[in-house]
Structures are given as C-alpha cells and as structure tokens.
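Spelled out from the first residue to the last, the chains are:
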Amino acid sequence: MVTINQSQTMNNRIEQTFKQKDKEKLTIYFTAGYPALEDTNTILKALEKEDVDIIEIGIPYSDPIADGPTIQETSMKALENGMNLDKLFEQLKGLRSITQKPVFLMGYCNNVLKYGTEAFCKKCVEVGVDGLILPDMPMNEYQLQFKKFFEQYGLKNVFLITPKTSEERIREVDAQNGGFIYMVSSSSTTGGSWQDSPERLAYLERIKDMNLKTPQMIGFGISDYAALKLVNQYTDGAIVGSAFLRNLDPDNLEGSIKTFIKGIRTEEA
Amino acid sequence: MSKLDIKVDENGYYGEFGGAYIPELLHPNIEELRDQYLKIIEEPGFQEEFKSLLKDYVGRPTPLFLAKRLSAKYGAKIYLKREDLNHTGAHKINNAIGQALVAKKLGKRKIIAETGAGQHGVATATACALMGLECIVFMGEKDIDRQSPNVERMKILGAEVRPASSGSKTLKDATNEAMRHWINNPNDTHYIIGSVVGPHPYPDMVTRFQSVISEEIMQQLQEQEGKNSPDYVVACVGGGSNAAGAFYHYLNNEKVKLIAVEAAGHGIDSGETAATTAKGSSGVLHGSKTLLMQSDDGQVTEPYSISAGLDYPGIGPLHAFLYTSKRAQFEYVTDDEAMQASVELSKLEGIIPAVETGHALAALNNIKFKEGDIVVLNLSGRGDKDLQTYINYGNY
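Which chain is which? The protein sequence lines are Y and D, in order. With our numbering applied, the first sequence covers 176 to 444. With our numbering applied, the second sequence covers -1 to 394.
Honestly, the hints are just simulated from the structure, not real lab data. Using N, Cα and C, we set each Cβ at its ideal position, and we do this for glycine too. All the given hints hold, so there is nothing to weed out.
Dumping the calculated DSS-like pairs for lysine-lysine here, alpha-carbon to alpha-carbon at most 25 Å:
{"id": "1", "chain 1": "D", "residue 1": "K103", "chain 2": "Y", "residue 2": "K339"}
{"id": "2", "chain 1": "Y", "residue 1": "K297", "chain 2": "Y", "residue 2": "K262"}
{"id": "3", "chain 1": "Y", "residue 1": "K224", "chain 2": "Y", "residue 2": "K268"}
{"id": "4", "chain 1": "D", "residue 1": "K71", "chain 2": "D", "residue 2": "K366"}
{"id": "5", "chain 1": "Y", "residue 1": "K388", "chain 2": "Y", "residue 2": "K322"}
{"id": "6", "chain 1": "D", "residue 1": "K140", "chain 2": "Y", "residue 2": "K252"}
{"id": "7", "chain 1": "D", "residue 1": "K37", "chain 2": "Y", "residue 2": "K339"}
{"id": "8", "chain 1": "Y", "residue 1": "K339", "chain 2": "D", "residue 2": "K108"}
{"id": "9", "chain 1": "D", "residue 1": "K37", "chain 2": "D", "residue 2": "K53"}
{"id": "10", "chain 1": "D", "residue 1": "K53", "chain 2": "D", "residue 2": "K225"}
{"id": "11", "chain 1": "D", "residue 1": "K167", "chain 2": "Y", "residue 2": "K252"}
{"id": "12", "chain 1": "D", "residue 1": "K106", "chain 2": "Y", "residue 2": "K339"}
{"id": "13", "chain 1": "D", "residue 1": "K53", "chain 2": "D", "residue 2": "K103"}
{"id": "14", "chain 1": "D", "residue 1": "K102", "chain 2": "Y", "residue 2": "K339"}
To list a few chain D residues with every Cβ distance to chain Y over 10 Å, as calculated:
{"id": "15", "residue": "K5"}
{"id": "16", "residue": "K71"}
{"id": "17", "residue": "R80"}
{"id": "18", "residue": "K103"}
{"id": "19", "residue": "K255"}
This is chain Y alone, in the form it adopts within the complex (with noise of 0.2 Å):
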C-alpha cells in the first residue's frame, strides 16, 4: 500500500518541476533495454547529469500501433536484447538513489493487463515511478478499470489529446488531474518532423487560451531547438523521443546524451 509519504513526493517531484515557469522544459524518452539490456540505468545517469526536466521510460511493446519507425526498431531490438518488465522493475529499484526528476513509464494497456493492474501499480510505486502513459488508453477505459488502482496508488495518468480533440474532451481530461497533459502536436504516430505552421500554432494557442490546470507538454516530431524554444512559448514544455534514440551512441552514451541536450538546448549559430 502506498503511503502518504510517497503520494506526496510523487506529487512534488511534479509540482516542483512546473513551478519553474521561466525556463524550456524538456522530457526525455528512451526505450528501456535499448540499445543493450543493462544501459537503462546509464541512460538515466546520463539524463540526471543534463538540463533535462522530466524523464518518460519506454516499455518496450511487439507491438506499438502509436509509435513510428523509430521507436518501433528500439522497441524490438530491446525485446531482442531480452528486456521485460520483471527486469525493468528490477533495474528501477535504485532509481530514486540516481535522479529525483519526475519520471513516467510509458507503454500499453496490455503491458500492464497482463502484468495485473495492481501488481503494475504497486511496482511503479516501489520503484518511485510518478505516473504512467499509456497511449492507447482512452478515457473511457481508464475510467472504467484503471483509474481506482492508479488512484489507490497515488499515480499520475497522463492523457493524450491531438489538434482535432474537442473542447469539451480537453475540459474532462483536464479534471482527472494527470500529471501533465500530452498534446500531440500533429495527427501523426512519433518521430514525424516539425514545421512550423499556421495550423499547429493555432493549436498551440487554442490550448493556451483554455486556461487548463494541469500543465501541457507537446510531444512528436520535435527534435531542434527552434521548436524546443517555440512551443514553450505556449505549453509547460516538449518532449523528445525519437530524436534522441536517433542520436544514441552505442558506444558512447554519456557523451552522445551530453552532446544531444547540448544540442536541443543551444541556438545554432
């Protein structure tokens, strides 16, 4: 059972994280297990070191319909180099003695159905996981079967919306009370490229104007610092997946993670 004393930490971890509304703020995802096994707590070594604000652990999933190319690979190259969830939570247990950043697991409902929702949540709190992302988990599923568990366990939920989600949709999305909300920032699987366009930064506005409790972070396709320093304008921050896996060296971890946030980070000259 989770204590209150975990609950809140979880909660400040996050809380803390979105009071510093000056800077960019930045979520990282990588897929656990890539590109070997045992570099997952490397990679979050790496990521505690940078100016990197929320970190999102990929579950890896045979099959990830949200996803795009890139992510597709990490995840069936880490199914390959034997990744599982038994070995995830075994490799989180010294999590919270690496980094005190927020961070998310993300994957699909039937990693955590098979896991048992219980049995999963329960985990996550061991581990000191603050919440979960599950993209193909509609509202009304997690309401119906999810939500007691993530709620007994003191877990954030965080929900996706894209352009062409309706005002009334983001209102309830907003009222659950997710760690952050996940914009989509263009009807696209991860790993499309950014542009900047009418469309999208009318998106961004829209959102701006709703006023909504929980913050917002834009994730899909970015990969520069233009965008980075675009959509914070409007939103609580980005998140970069594909991008980042992309740039992962296999043979030099720290240094390729040091010279990516440097490079997401820094204006080009």
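Got chain Y sorted already, so can you dock chain D onto it with the hints?
The following block gives chain D in isolation, referenced to the frame of chain Y:
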C-alpha cells in the same frame, strides 16, 4: 431456463471482452464510426443498395447444399453453406461491400485494409474498384512473398499493395501498419477491417454485415427442412468473421449448438499453433480486449497455421465471450487433419475447399452426432488460392 441475450453493450463489450483501446489520434474516426454506423446501415436506402449488390454482384443468396455423401460418412444431415461461391471466392466480400458503402456515406474516398493471405485484400480491392474508391492494402512482407497471385490480383484491381516490414512482417503487423496509416491520414480515409476484431464498433459492424449468412441459412432450412434452426452450426475461426456471420441469428437460441474451430497448427502444445482459446489469455490486441496468445510479459506471440486465414494471434471479442461463457464449443484441428478433411470433401462432394474451411470439416470427426441431427457447416471459401498448399501436402 436463463434466456440468452448475447449482444454488444453500449461500451462495445461482450461480457468482459471488447471496448475500444485506441490512441487519442484515432478517437475522432472511431467516434464518428460509432455514432454513425447503426444509423447508416439501418437506413432503408442503404439496406436496399447493400442487398442489391449482394444479389447481383456478389451472387447471393449462396446455396445451402445437402452434402449426401459427407452426411452418410458422419451419420448426420450435413448442409454446406456455400460461401465459396461468392464473387472473389469467400465470405470476405460481404463485409468489404458493406464497409465500402459505409465509407461512401461518411464521405471518405480512400480505403485502407490489412490482409494476411490476401482474401480480404482482394475483396476490398474489388469493392473499391466497383465503387471508384482509392485503395491501399497493407500486407506483411512475408505474406507478399507467400501469396503472390493475390498480390497481383489486388494490383490488377487497381489497389496499391504496401508491404508491412515491421515486427514479424505478417498479418498482425499489416494490421498495425494500417492503423498507423489511419492515424496519419484520419480525414479522408476509412479503414475496412476484415474480421470481427478491432476497436468497437468494428466487431459488431463486421458481424452485422456477415450476418447475411445465418439470415439465409434460416430461410433455406425452413424451405428444405420445414424448420429454421439446425442442431449444429460449424465454422472455422481465425479472427472469426465467417463464424460470427454463421452464428449470428442463432446466438440466443440455445437449442442450436455452435461449434467454433481453431487451427492447432502442428498441435496445441507444439509451440506452433493458432489455437487462441487453448493457449491464449485476456489482453488487448488491435484495439479490443480479447483472448490472445502472448508471452508471460504480455508481448504478442506469433501464431502458426498452414492456413494463412487462421494464422492470427487473437480472436474477436464476441468469440472470446462465446468461449468463456461456454455458449460455443471450441475445437482444435491440426494442419494434417485439415488437409485430410479438405481432400476428403473434394473426393466426396466435388468441392475443393479453402484450407481454412478444411479445419471446420475436420472437426466433424470430434462431434458425436445422433441420427437425424441437422448440421450446417459454413463453407467459408474455395480452395483455388490454396492449390500450392494442396500440392505441397501431396497426399491426394
């Protein structure tokens, strides 16, 4: 006696199975379909157009044929519902025509579909050619190599065949790729799912389009037997669309025994099987909660069957419910048993069946019939596409 009431509920569930586990990106499409599909398909003008195409284009009603020599062998009165005589050679066209009409009503001009062996791909390409719709069929790279005649058929019909090179490069990956394409092209595209799988409302919508099969069986039995229900309905199950169609009007008539036949591949415990109900467990696959074959860690495992149409790691949520509620009896048939039964039907009745249907035929061996039992077996497809499989089997 408890009264059966098997139907999908407002959330898209049959008991604990079903629902719509979809990324938010697909929500507008699925919501539109969910809100519109019943209105569209129950509209008299739609029904008139659908029925007229089924009659004049597909060739319905398909005959209900009393197979006398087969009956003599198994000691029951066995009728074959001849879905193999449909245009394009299988029941798949019923759903493809229905959904293509729905797409037109929704104002969508582009169609995508997934296919394994190519039967649903050919049916969809056919419906699109007929209605002047653009068509892209996703097909696993491995299946493209294995099923080249159907690939060429789709191309002749004007469809683009797009290889799915992710994952295991077979049907489940073709389905993933089709869903991803839909996510990226939500506005003008309708996804014609080929079986009673996928997020709500697909399982119910496909079941309704295939239910013309049991609707005709009722009328034809009435004419031939003076009563509209048999003692048994037998059908093979991959995703389960032909079985759903053959069972539909009998779901709530408990006097009719429903026999669903899955592919055991090299044997249920061989590690090479597609017997989902025997080896699977509850989980989420392609947008619905159902029974699927998966590892202890919840990774979807690759199925195996000699028949590409049954080579799928899940079953539709309706069938998962029929299994757990024991409304249907599930049987498992190996590659060899299915091939023997396919050759047997060819010799006894002059009908070369699809190897999928061979599984349903082989299951006749597993049932103890009483004299006078009336059995309807859904002959879901013809064997032309499987000629190479017959040749490789060789034992005829």
